[in-house]
Amino acid sequence: MTNPVQIIAVGAAAPAWRLPASEVATAWGRKGGRGQAAACPADEDVLTLAADAALRALAASGLQTDIVDGLWWGTSRPPFAEGPSHSFLAAAIGLSAKSGGALCAGSTHSGIDALIGAADAVAAGSARVALVVASDAVVPGAGTSFEERAGAGAAAFVLTNDEGAATLGARVTRTHPYLDRYRGDDELETRDIYDGRLFREEVFLPVMRDLGEQLSALEVTSWSLPDPDGRLGAAAAKTLGAGTPASAGVYGALGDTGAAAPLLGAIAALDVAGRVAVVGFGGGRATGIVVDADRPVPGAAGLAAVLGTGRSATYTEVLRARNVLRPNGETVAMAVPPQSAQLVRGADEILGLLGARCVDCGTINTPPTIHPHCISCGSSKFVLEPVARHGVVHTYVINHTMPAPFQAPLGLAVVDLDDGARVMLQVAGDGSTLEIGSEVDLVLRRYAYERGVPVYGYKAAVRTPDTDDTAAAAATEEA
Amino acid sequence: MAWNKVAVVGGGLIKFGELFEQSYEQMASGAFDAAVASVDKGFDPQLVEAAFVATQRGTLWGQEGIGGNTVPTAIGLAGIPCTRVENACPSGSDAFRVGAMAVASGVHDVVLVIGVEKMRDKSGDEGLLARAAAGHPVYTRGETAPVLFAPFATRHMHEFGTTREMLASVAVKNHFNGARNPNAHFKNEITIEDALKSAPVCHPLHLLDCCPQTDGAAAVLLVNPDRAAEFTDDPVFVAGFGVATDHPYLHEKSTFTGLRATTMAAERAYKMAGVEPGQIDCAEVHDCFTITEILDIEDLGFVEKGKGGVASLEGETAITGRIPVNTSGGLLAKGHPIGATGVAQIVECWLQLRGQADERQAEIRNGFALQHNVGGRGSGVSVINILTTNR
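Chains as they are written, first to last, in our numbering: chain A, 1 to 479; chain B, 1 to 391.
Just chain A, same shape as in the assembly (with noise of 0.2 Å):
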């Protein structure tokens, strides 16, 4: 028997905006519209979400992360379709370039898939540390049912066989060949071609009833279960007599997130000591597992500030973001292309951020590409290391006169990282909080989606009180 696989820290992120439903629903002719969903402005999207939550699991782990042997990553629809998705997470993420794991795709079961194929990864003895990330950025078809929920959102475990503040536990998997939600080849929105009167009535109640009274048994305290549109998480939890599931607070702030919607549920449940349920459902499967934590999960408090945040966005802003609605004309390139050869020199300058600090004078130039002479003392020694992900604007700019596919304002700032490196960086969001002396996060953004290819690169987050609350309990967390 090998040890049990133990929660060490986990994390949770968000996307900067929020879409009212009302919003949807008086475009559409519709009466109401209750509550909000989070949606992704231009620069985010699955991977974006995926290592923003990551890193702060890794930072609440307090591990260092060139020792996670494996990414597990789960989402209903990777950004390369068929492409590089998996090593672009991992190296954004600062993974060694040894370091395994799989990607989870194709439906909202995706995230539970990657939880399972870490646990059992730990389990096996193959990899010591693993890393699970599910995120998703659902892109709901104009108009269907479930538009006005279709959220997005990450979270992320780190596993190990060690002493862990919870311990995965007992699973149960139901399978039911269905098809509900639907995108195919060439399609860029999910779509609702299914009755979802047959739907609730002949395939998610019975499914979710059937693994409830598997888990019931176990002496469960709290749920995360699916709400794919609004209704059916309450309609589950009366089947099961779950009382308001833990995962109602996330549903309730970011809408449905799809494959990263499970593992936020329990992150809701993991901030105090209990045994959780975490079900997901999708594509015709349903899976729960029990997570029993002995103590608050480092990290878990940290959700409450990723919900809270967020600015409130127009319909129109998100159809643009989602390319639903495009601008006429010609755009210009704006970025490294992935299948560029300055990517093949650059990966890990552009994706792991790594710049070369001067083995002589002590300064890191960045990118180490091209700088085979250091710019303070001409010495060509060098020391390739990540640079420090945090700093302090030294000055800034905000352009307002930039040709498509740039969105005006756009900030850039010029920043000093705590390391001593300085950069030049695009600002996220419309900068109108940015000040000298701003500080401010490098995170990975989405800077362009060129001639159908998503194009990566860091932006300078502006830190904000919430953030500012963030960091900090990762900070206490970690001490």
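Treat the hints with care, since some could be wrong.
Stated by the list, open to error - Only pairs whose alpha carbons sit at most 20 Å apart, straight line, appear in this in silico DMTMM-like list of lysine to aspartate or glutamate: (1) Lys238/A - Glu202/A; (2) Lys381/A - Glu18/B; (3) Lys41/B - Asp226/B; (4) Lys122/B - Glu18/B; (5) Lys15/B - Glu25/B; (6) Lys122/B - Glu213/A.
Hints were generated in silico from the structure; no laboratory data involved. In this text the structure is predicted, and so the values were computed from the model without any measurement.
Mind docking chain B on chain A? Use the hints.
Frame of chain A; chain B shown alone:
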């Protein structure tokens, strides 16, 4: 003691502006004709032994591969040696320096330096704005031209209390001067209020803090000083020059309150010419943005570091001020056809030193005028030429 190994005997430019009706070749021909016509004792174009042409960005009119041979044919001198000089915004001033070295070396006695730039053939997003793809090679994108200078404005305001009114005063002065220059792109005077109320382009810079995109061409004729008397009794000499480079990206700068390339180029130019900043009677400096002129007059030693904004607001750089700057209207009002800019600045200095600048004439006391450009990636190239009437 000034270098004085080269004499300038002619200079001219075409009227700058949105010259949709003129080809690159027609602009070049117009500038050459103007330079020839300016020579006091007449000038036979066939005397030109070699030419140096400054064009920074042929792609703005769809020509990826322009070289030296475009201009000789356009000006009726097919066959002469001609070399294209490209060195970012200082391309024109560097072509002048290269031409001067060709004369001083003794290889050529008569050299044409000509700057030609078509900025407006390609519209909007296909034009200069498409440079937004530049910037830090992996981190930054969105770096349009104002992004090269606006961070300096933000920091200058932070450290020295420079205000938007002080920036605006540079635009007001240069538009005043441009209104008195028949070859300027803009000939309208503006007020501080106009500048403050203009649309934001790249905070803290607004529209009237920025130079326009301008088509234009300018030319000067350089000769061996021993032969200057064939052409004029009032030659102007090249007293000295200085060139310097700085790191090519903004994040590599150690300071955002000055441009190191300018400071270093100035040291070299002053030393070569044997002059102090206080001996300069007037200067044409690179005012692609209002903040740039404020940095320039500090970096060139005309005012103390940090006092450029106050000096501008108080009129020290006006035509009647202590050190007249950009009497031509500068890039802000005369326009900034990149390759032509430096050459046109030389023409203005030549006119000023010879007392031919009409209602924008500055008082010439010591006989020295300074021409300056700065630009390129990270504003990392500066070229300065100093001219003198002193023999």
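Satisfaction of hint between Glu25/B and Lys15/B, Cα-Cα up to 20 Å: Answer holds: Lys15/B to Glu25/B is near 15 Å, not above 20 Å.
Straight-line alpha-carbon gap Lys122/B to Glu213/A, limit 20 Å: violated, 70 Å
Holds or violated: Lys238/A to Glu202/A, with C-alpha atoms at most 20 Å apart: holds, 16 Å
Lys41/B paired with Asp226/B [C-alpha distance capped at 20 Å]: Given that 20 Å is the threshold and the Cα spacing comes to 16 Å, the pair holds.
Given hint Glu18/B paired with Lys122/B - CA-CA distance at most 20 Å: holds, 11 Å
Given hint Glu18/B paired with Lys381/A - CA-CA distance at most 20 Å: violated, 51 Å
Checked against the numbered hints above, the structure violates hints 2, 6; every other hint is satisfied.
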